[in-house]
Every structure is written in structure tokens, then in C-alpha cells.
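Colleague: Sequence:
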Amino acid sequence: QVQLSSADSESVRGGGVSGPDIIMKSKDEEKIKKQNEERQKMIGKDPLGIRPEHFDLNNVQGRALEMLADAIHDLADEMDDFEPDEAAMESARRKKKKKDRYAYAVDQLISLGSQKNA
Numbered sequence: 152q153v154q155l156s157s158a159d160s161e162s163v164r165g166g167g168v169s170g171p172d173i174i175m176k177s178k179d180e181e182k183i184k185k186q187n188e189e190r191q192k193m194i195g196k197d198p199l200g201i202r203p204e205h206f207d208l209n210n211v212q213g214r215a216l217e218m219l220a221d222a223i224h225d226l227a228d229e230m231d232d233f234e235p236d237e238a239a240m241e242s243a244r245r246k247k248k249k250k251d252r253y254a255y256a257v258d259q260l261i262s263l264g265s266q267k268n269a
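Per this note's numbering, the very first residue in the sequence shown carries number 152; after that it's consecutive.
One or more hints might be untrue.
[As the list claims (entries may be wrong)] In silico lysine-lysine, BS3-like type, Cα no more than 30 Å apart, as pairs:
1. Lys-267 to Lys-248
2. Lys-178 to Lys-192
3. Lys-192 to Lys-176
4. Lys-192 to Lys-182
5. Lys-267 to Lys-250
6. Lys-267 to Lys-249
[Claimed, not checked] Computed Cβ-Cβ distance ranges for the label pairs, DEER-style:
7. Ala-227 to Ala-254: 34 to 40 Å
8. Asp-207 to Lys-246: 24 to 30 Å
9. His-224 to Ala-256: 46 to 52 Å
10. Lys-249 to Gly-213: 51 to 57 Å
11. Arg-190 to Arg-214: 17 to 23 Å
12. Ala-227 to Asp-258: 54 to 60 Å
13. Lys-247 to Asp-207: 46 to 52 Å
14. Gln-212 to Lys-250: 57 to 63 Å
15. Lys-192 to His-224: 53 to 59 Å
16. Ala-256 to Val-211: 56 to 62 Å
17. Ala-215 to Leu-260: 44 to 50 Å
18. Asp-207 to Lys-176: 40 to 46 Å
Hints in this document: simulated from the structure, not taken from any laboratory.
None of these values were measured; they are calculated from a predicted model.
For every residue, glycine included, the Cβ atom is placed at its ideal position computed from N, Cα and C.
With these hints in hand, go ahead and build the complete structure from the sequences.
Modeller: Printed below as a string of C-alpha cells:
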């Protein structure tokens, strides 16, 4: 027969956990609970300090799709409001035409130069 020490026999009778083990487990649970609370506080705050104190990252994460849709809608409105100035468009067309003429002239000179050298 195997004899158990008094501490072992108490742990067997008490469900496998002795007094000091219970204290240790409760301290670990308190520590884990405190860490989770701190983690939740950090998630709620803006870690980079970009936003004011009332900024809540949990709120932003919960409303991300709604906020994205609002941003897209705002951009679409801005694009609708943007009408290019006709004078600026005409000026850009003239500059492009002038640039194309110069490019054509340069190509012609290069072509004539290579024919002359050949």
C-alpha cells in the first residue's frame, strides 16, 4: 500500500487543490483580470495621441463601414462639384498642340540627320 503525506491526502480530499494553491490561483486570476482591464482601456484610447480625449477607437472600429461609406460619398460630391475651367482646358490643349509640333519637328530633324549620315 502507498501512504500519502498529509498535504497530499488533503489535496486529494479537497478536490486536488490545497490552500496555498487556491491563493495562488486567485492572485493569477486577479492579475489576468487587471491586465484585461488595462488592455480594454488602451484599446479605447488613441495610442498615437492623434485624436482628442473623447476619441474612442472601439467606436471607430464598430462604425468603420459607415464612416468609409460617408467618406466615399463626400469624395463623390466633391468630384461632382469640380468642373474644370474652360479657359484652363483650352490653354492645356494649345500647350499640348504646341508640344506635339515641336516633338514632330525634332523627329523630322533627327530623321533628316540620319539620312544625311547614311
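Colleague: If a hint holds in the structure, say so; if it doesn't, say that too.
Modeller: Each hint tested on the structure:
| no. | hint | verdict |
| --- | --- | --- |
| 1 | Lys-267 to Lys-248 | holds (29 Å) |
| 2 | Lys-178 to Lys-192 | holds (21 Å) |
| 3 | Lys-192 to Lys-176 | holds (24 Å) |
| 4 | Lys-192 to Lys-182 | holds (15 Å) |
| 5 | Lys-267 to Lys-250 | holds (26 Å) |
| 6 | Lys-267 to Lys-249 | holds (27 Å) |
| 7 | Ala-227 to Ala-254: 34 to 40 Å | holds (37 Å) |
| 8 | Asp-207 to Lys-246: 24 to 30 Å | violated (51 Å) |
| 9 | His-224 to Ala-256: 46 to 52 Å | holds (49 Å) |
| 10 | Lys-249 to Gly-213: 51 to 57 Å | holds (56 Å) |
| 11 | Arg-190 to Arg-214: 17 to 23 Å | holds (21 Å) |
| 12 | Ala-227 to Asp-258: 54 to 60 Å | violated (42 Å) |
| 13 | Lys-247 to Asp-207: 46 to 52 Å | holds (51 Å) |
| 14 | Gln-212 to Lys-250: 57 to 63 Å | violated (50 Å) |
| 15 | Lys-192 to His-224: 53 to 59 Å | violated (33 Å) |
| 16 | Ala-256 to Val-211: 56 to 62 Å | holds (58 Å) |
| 17 | Ala-215 to Leu-260: 44 to 50 Å | violated (59 Å) |
| 18 | Asp-207 to Lys-176: 40 to 46 Å | violated (34 Å) |
Comparing the model with each numbered hint stated earlier shows that hints 8, 12, 14, 15, 17, 18 do not hold.
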